[in-house]
Amino acid sequence: MLSIKELKAQVEGKDILKGLNLEVKAGEVHAIMGPNGSGKSTLANVLAGNEGYEVTGGEVIFENKNLLEMDPEDRAREGLFLAFQYPIEIPGISNSTFLKTAINEIRKYKGLPEIAAKEFLVLMREKAKILGMDDNLISRSVNTGFSGGEKKRNEIFQLLMLNPKLAILDETDSGLDIDALRIVSNGVNEFRSRDNSVIVVTHYQRLLDYIVPDFVHVLYKGKIIKSGGKELALELEEKGYDWVKNSELTAASV
Amino acid sequence: MSDDMKVVEDLTQSEYKWGFTTNIEADEAPKGLNENIIRFISAKKNEPEWMTQWRLKAYRHWLTMEEPKWPKVKYDPIDYQDVKYYSAPKKKPELDSMDEVDPELLKTFEKLGIPLEEQKRLAGVAVDAVFDSVSVATTFRETLHEKGIIFCSISEAIREHPELIKKYMGSVVPYTDNYFAALNSAVFTDGSFVYIPKGVRCPMELSTYFRINAMETGQFERTLIIADEGSYVSYLEGCTAPMRDENQLHAAVVELVTLDNAEIKYSTVQNWYPGNKEGKGGIYNFVTKRGICRGKNSKISWTQVETGSAITWKYPSCILQGENSIGEFYSVAVTNNYQQADTGTKMIHIGKNSKSTIVSKGISAGRSDNSYRGLVKVLKSAEGARNFSQCDSMLMGDKCGAHTFPYIEVDNDSAMVEHEATTSKVGEDQIFYLNQRGISTEDAVNMIVNGFCKEVFNELPMEFAVEAQKLLAISLEGSVG
Amino acid sequence: MTNKIGAKQWYLENFKIFESKLNGESESSFHKVRHGALRKLQELEFPTVKNEEWKYTNVKPVLNQNFTPAANLKFKTDNSILKQEYLFEGFDHHLIVFVNGLFNPELSNIGRLPQGVIVDNLKSTIKNRPELVEKFLHRSKIITAFDALNALYAYDGLFIFIPEGKALVKPIHVMYINGDNETNVLSQPKNTIIAESNSQVSVITNYVGTGSKNYFSNIVTEVFTDANAVVDLYKIQNEKTDSFHIERTEIHQKKESVFSHFNISFGGALIRNDINSTLDDEFCECNFNGLYLANDKQHVDNHTFVDHATPNCLSNELYKGILDDESHGVFNGKILVRKDAQKTNAYQSNKTVLMSKKATIDTKPQLEIYADDVKCSHGATVGHLDDTAFFYIRSRGVPSSIAKSMLIRAFVSDVIEKVKIESLKEKLNHMIFEHLNREEI
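Residue numbers (the numbering used here), protein chains in the order written: chain A, 1 to 254; chain B, 1001 to 1481; chain C, 2001 to 2441.
Check before you lean on any hint, since a few could be wrong.
As the list claims (entries may be wrong) - Subject to a maximum C-alpha distance of 27 Å in a straight line, what follows is the list of computed BS3-like cross-link-like pairs (lysine-lysine): (1) B:Lys-1380 with C:Lys-2050; (2) B:Lys-1454 with C:Lys-2375; (3) C:Lys-2339 with B:Lys-1399; (4) A:Lys-226 with A:Lys-245; (5) C:Lys-2404 with A:Lys-100; (6) C:Lys-2418 with B:Lys-1352; (7) A:Lys-108 with C:Lys-2404; (8) C:Lys-2343 with B:Lys-1380; (9) B:Lys-1346 with C:Lys-2357; (10) B:Lys-1355 with C:Lys-2357; (11) C:Lys-2351 with A:Lys-151; (12) C:Lys-2343 with B:Lys-1399; (13) B:Lys-1352 with C:Lys-2351; (14) B:Lys-1352 with C:Lys-2404; (15) B:Lys-1346 with C:Lys-2343; (16) B:Lys-1072 with C:Lys-2375; (17) A:Lys-100 with C:Lys-2297.
As the list claims (entries may be wrong) - Take a look, some chain C residues computed to stay more than 12 Å from chain A by CB distance: (18) Gln-2009; (19) Asn-2023; (20) Phe-2091; (21) Pro-2105; (22) Asn-2184; (23) Ala-2269; (24) Asp-2325; (25) Tyr-2347; (26) Glu-2368; (27) Ala-2389; (28) Val-2398; (29) Ala-2410; (30) Ile-2416.
Worth flagging that the hints you see were computed from the coordinates, not collected in a lab.
The C-beta atom is built at its ideal place from N, Cα and C for all residues, glycine as well.
Given these sequences and hints, build the entire structure.
Spelled out as structure tokens, the structure:
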């Protein structure tokens, strides 16, 4: 589904990603962990096509297409979804208008007709229910006046509504209490399927208790320095990031 | 409430503590202004002919100009023929060491708390003291000389470093700039000159103290600071004047130039005599201060604490010409009794990604008027320019005024300009809360006012910040309602 | 036609023709007002950019042409001039129509009015209710030469009077249709809205242009809100693209009155609004809402002034603009809090988005405060549409053109939300996208 080779990227002239490799196959859940400043959010933003991040090398193939050449909206239409670390408030545009526009644009891209109003409504109700959102929240302006938790929940709601192939969750767990974490995770697990993949970007192991990954990667100074199964996350939690940093240093000095 | 008012009264009524005069024989020019006076000044300073000619050009241009009427200040017309344009302590000539300075003068500086003597070396401050119109002593010249730093009086610089003067003087504030700048260019008598060579970080704060002493004199000093590529300097300026019933004119010009990657930090604590409680006397402070960030990544930062002067008319500005250059303006302006202040800044964005920050805190008490006037201008070329301005006013009493006149002119769509302003008073609930915690009303007011000004004080060098806080407390003693 | 004799001279000379056509009306006491204006215009000069209040607006293009006062002309007006699309729909209203500032009874549909309520034109009011005209119209402020010009040819315009305790349920819809195929017209309605104590009225004005010749609308509007009256005034300005539009709106507020102004600017080549409210009595509330949307080479200048002359009043101002192409926006918002106006709350915010490289804005929010127990703030921002939000929307599959439209809608939403008539909100949203040539959402 997604193949990242030697990806390099800069933010404001500073090198952040320094040759990152990652393969994600359909149906897999990958967790990317790492200390602050290691490049986790940069990776998420580069994949979604944020113009504030400049790609300086490498390639990314998504569903057999060159992802880096596409505009952000085309990436979304191809089935890539980024749950933002800091979701944006858009006053005056209701959640439903916003989602309807997005869904129809994606459908248009795929040569499908617009979604029927009724079908859309049913879909909204169904997905909102999974996340325990009330109708009121849906009719409100996108993220406007939402609490941090409500915003994160709204991101997952959008994920379920748009039903992409690959979901990238950028620190979706930050600022969530345990109940909200459970609800959000439920939503993500709802999305998981044999055809869909998930990349969970997180600092903490906590989220991975609920969204159990198939693979865990440690990102440090712009590169993946260690990969393993879900047990790696537990090990990291126990020993801290210094452990991998040190082992990387040992490895480097050998 | 009435207790609070009383405290306010007490505080506002405190006396100007720097109002003494010094009995020193002075070498003076007669009153009045004409080409002969200008030649006289120039001759007194042993100036080369090109300088005399420059002054005369400025004078002739000044004659064609009119005094600006737009500031929100009122004063009786100034009789420019009734001012002495030159006054120097007599026992002067060239001074080689501090021992040669008139002891009377040293006493004055001691009273002012100026770290002029050797013992102050520890404080790490090099001082140029300007008494009336003439630079009296510059300390630490040797230490600075080793690093190639030039720190001397402007008169000396004209004689010793004509190439730098010719290149930079008037390059930021041309004599055609405005009425008072033209006047200054014609009659300036002294001031400081600083040159920091490439790559040098000035090891100590450089400082100038200005003192107007003689009667009926005007002070027209001129300061020029050049920070060559990759250099840094922090410069401090302090001012006081004796108490006199008539108004005295102070029309200074300050020019700053930063080349690539250089930084100048310019801090002022201005405490000219503000006049008495009835508004009699005091200094007219009409000053043109401007810096140009000529080089890329260069920075100019103005910090001012203005508590003195009967009238202040001053807009320390930055021309942000270099790419990624930064301009900053941090100001506290306090007016009390009949003081009037019209002050602010101009940030002219020319270079790409230039950034500016303006933080202005105005405090008005008594029957004073305090205006912030500022301009943020983003030219077409200033792709990605950013500005943030915050202008807050605090009123103490119902007979004063606080005004904000921010002009914002944007010609580039990639620019982001934000301006915020608020007006408030010291809240009775705040005072009550502090009283309830056992703090006297006077201390509570000081605490609140200092909190209000904190962002600006944080920008001042340590010893200046302490002085500024004390000044503020004295200027406002008792001003809360 | 270029001006050969200078604008002032031209307007002074045309006054003789105007006067000769007045017949008996020149005997009315109102004619004294015109003569006062004549003396004023002789004294005053039209403003230049040297005048601080006109620093960013050069009125030369307006003065370079000779516009003929509408009252001096005979128009061939047919009823098709009032197009259905001009009218705001979806709510019952009383319709009154002015063509080139002159009342058009055939196109108007005022309908039944409650006892004592007047919705009429100035010309008949001068005749029918001279005492009202005398009371409210004889002391209008003349500050600029444009004000003097309006008063000099004051002839017709809107006249609304709501007597004590009456609330007009249906809004009054006022249509101003300007322009002509043969002459460059000077259209100068003089509008008056009087709301006596405890009364209520909502007035929606719409300025549109027609005809092949360009024209100049020079308007003066005065609003008197007596104690506890509630007045909403919507101004939707959609003049022809090459026309000039200058209006002074003066609002006089008495105790506990509430006045809300909505100033939405779409059309015109050069637009200047002066909106001044004097809070003459305690506990008044004044709301100024504005939107300016400009493209091509439009020049839009809004000057507002809230004079807090008395304690305990509230003013709230929100002006937002979107400037595209080579348009130029000017905002000057002044809040004055006078010496005794304690407990004043005054807020002001001006936000402008530049949509193109060549669009420019000059803004000057201004506070002048002489009372200490007040809460005042102002803010101004200039920028472009939020990059992060733009990316966020696009990352959901929405194309950039619609993403931009969404951000435009988001930007204007807080002003539009204040509009109290639901169907007008939708219409305004539609007009915004139409004017900016953007995909509507």
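Now for the hints, and whether the structure bears them out:
The hinted pair formed by Lys-1380 (chain B) and Lys-2050 (chain C) meets the criterion: a straight-line CA distance of about 23 Å does not exceed 27 Å. For the hint pairing Lys-1454 (chain B) with Lys-2375 (chain C), the CA-to-CA distance comes to about 21 Å; that is within 27 Å, so the pair holds. Among the hinted pairs, Lys-2339 (chain C) with Lys-1399 (chain B) is consistent with the structure: their alpha-carbon atoms are about 7 Å apart, no more than 27 Å. Of the pairs offered as hints, the one joining Lys-226 (chain A) and Lys-245 (chain A) holds, with about 10 Å between alpha carbons and a cut-off of 27 Å not exceeded.
With a CA separation close to 16 Å, the supplied pair Lys-2404 (chain C) and Lys-100 (chain A) stays within the 27 Å bound. Using a Cα cut-off of 27 Å, the hinted pair Lys-2418 (chain C) and Lys-1352 (chain B) is violated, with the two alpha carbons roughly 38 Å apart. Between Lys-108 (chain A) and Lys-2404 (chain C), the direct Cα distance comes to roughly 19 Å. Compliance with the 27 Å bound is thereby established for this hinted pair. Restraint check for Lys-2343 (chain C) and Lys-1380 (chain B): not satisfied, since their Cα atoms lie roughly 43 Å apart, outside the 27 Å limit.
The suggested pairing of Lys-1346 (chain B) with Lys-2357 (chain C) holds, with an alpha-carbon distance near 23 Å, which does not exceed 27 Å. Distance check on the hinted pair: Lys-1355 (chain B) and Lys-2357 (chain C) sit about 19 Å apart at the alpha-carbon level, within 27 Å; holds. Pair hint Lys-2351 (chain C) plus Lys-151 (chain A) holds up; C-alpha atoms about 26 Å apart against a cutoff of 27 Å. Of the supplied pair hints, the one linking Lys-2343 (chain C) and Lys-1399 (chain B) holds, its CA atoms being roughly 15 Å apart against a limit of 27 Å.
With a C-alpha separation of about 23 Å, the suggested pairing of Lys-1352 (chain B) with Lys-2351 (chain C) holds against the 27 Å cut-off. A distance of roughly 25 Å separates the Cα atoms of Lys-1352 (chain B) and Lys-2404 (chain C); the hinted pair therefore holds under the 27 Å criterion. For the given pair, Lys-1346 (chain B) sits about 32 Å from Lys-2343 (chain C) by alpha-carbon distance, which is inconsistent with the 27 Å threshold. For the hint pairing Lys-1072 (chain B) with Lys-2375 (chain C), the CA-to-CA distance comes to about 22 Å; that is within 27 Å, so the pair holds.
For the hint pairing Lys-100 (chain A) with Lys-2297 (chain C), the CA-to-CA distance comes to about 36 Å; that exceeds 27 Å, so the pair is violated. The non-interface label for Gln-2009 (chain C) is consistent with chain A: the shortest C-beta to C-beta separation is roughly 50 Å, beyond 12 Å. The beta carbon of Asn-2023 (chain C) is kept farther than 12 Å from every beta carbon of chain A, the shortest such distance being approximately 54 Å. With 12 Å as the threshold on Cβ separation, the claim that Phe-2091 (chain C) sits away from chain A holds: the shortest Cβ distance comes to roughly 22 Å.
With a least CB separation of 41 Å from chain A, Pro-2105 (chain C) remains clear of the 12 Å interface cut-off, as annotated. Residue placement check: Asn-2184 (chain C) keeps its beta carbon more than 12 Å from all beta carbons of chain A (closest about 40 Å). Against the 12 Å criterion, Ala-2269 (chain C) stays outside the reach of chain A, whose nearest CB is about 29 Å from its own CB. Non-interface status of Asp-2325 (chain C) relative to chain A is upheld: no Cβ of that chain comes within 12 Å, the nearest being about 24 Å off.
No Cβ of chain A comes within 12 Å of the Cβ of Tyr-2347 (chain C); the nearest lies about 18 Å off, and the non-interface call holds. With a least beta-carbon separation of about 32 Å from chain A, Glu-2368 (chain C) lies farther than 12 Å from that chain, consistent with its non-interface assignment. Not every Cβ of chain A is farther than 12 Å from the Cβ of Ala-2389 (chain C); the closest lies at roughly 4 Å, contradicting the non-interface assignment. Its beta-carbon lying about 5 Å from the closest one in chain A, Val-2398 (chain C) breaks the requirement of being farther than 12 Å from that chain.
A beta-carbon of chain A is positioned within 12 Å of the beta-carbon of Ala-2410 (chain C); the least distance is around 5 Å. For Ile-2416 (chain C), the non-interface assignment is contradicted: its Cβ lies about 7 Å from the closest Cβ of chain A, within the 12 Å cut-off.
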